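Chemist: Work the whole structure out from these sequences, hints included.
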Amino acid sequence: MISRRSQGFTLVEMMVSVTILSLVMLATVTGLRTLASTQTSLNRVTDRNDEIRSVSSFLRDALESAVVGSSSGGLSVGGGSAEMTVFEASSTQLMWKTTMMFGERAGGSYVVRIAEERPNIVLRWQKMNVFGQVGDWNKASARTLVEDVQEFAVAYRRQVEGEWASQWDGRGPPGWVRLRIRAGERYWPDIVMEVAQ
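If you're matching positions, the sequence shown starts at 281 in the numbering used here and goes up one per residue.
Label pairs and their calculated CB-CB ranges:
hint, residue 1, residue 2, range
1, Thr308, Phe338, 40 to 50 Å
2, Pro469, Leu303, 40 to 50 Å
3, Arg451, Val472, 18 to 28 Å
These aren't lab readings, by the way, just hints derived from the structure by calculation.
Note that this is a predicted model, so its numbers are computed, not measured.
A virtual CB, placed ideally from N, CA and C, is assigned to each residue, including glycine.
Modeler: The structure is reproduced here in structure tokens:
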């Protein structure tokens with residue numbers, strides 16, 4: 281005689297096993313979605329950190345290689361007798377003369393400007409004309425440094441221990457420049473740079 285147990289599973293046993301299998305599948309799918317969401321967030325944070333690092337590094341290099349005038353005690357244009365200062369600063373832009381390389385063959389002495397051009401922070405550069413003057417910035421070569429900017433502020437101080445000022449007095453270049461940037465609804469760490477003297 282064949283026992284009832286050897287004939288197969290009951291309907292209740294099948295329903296219990298299908299329910300357990302469904303719960304395992306639900307947990308697996310939820311875990312995979314969480315993993316994908318975490319990976320996306322991690323990529324976004326990594327991209328933001330890379331952007332901060334590259335912009336900060338570029339700006340530090342550009343300010344460290346600022347062209348220093350020999351007779352004016354500050355940044356100046358042309359030879360040693362030139363008195364025209366090329367460092368201009370306000371609370372929303374920074375302009376100075378520096379030596380830069382663009383690619384393998386293009387480079388030299390340029391006047392560069394960092395300014396907020398809503399909604400971005402834009403780097404513009406151009407060479408001075410033979411009279412030591414800067415042309416129209418709207419026609420200058422440009423590259424976007426930071427996109428989706430909600431706040432951009434420049435501050436200055438003469439000494440390491442001094443107070444930060446939002447406007448520079450124009451007496452030569454400051455000792456230090458601080459950039460405060462809020463982009464993508466988040467504040468960047470302040471970028472503090474020493475200016476060549």
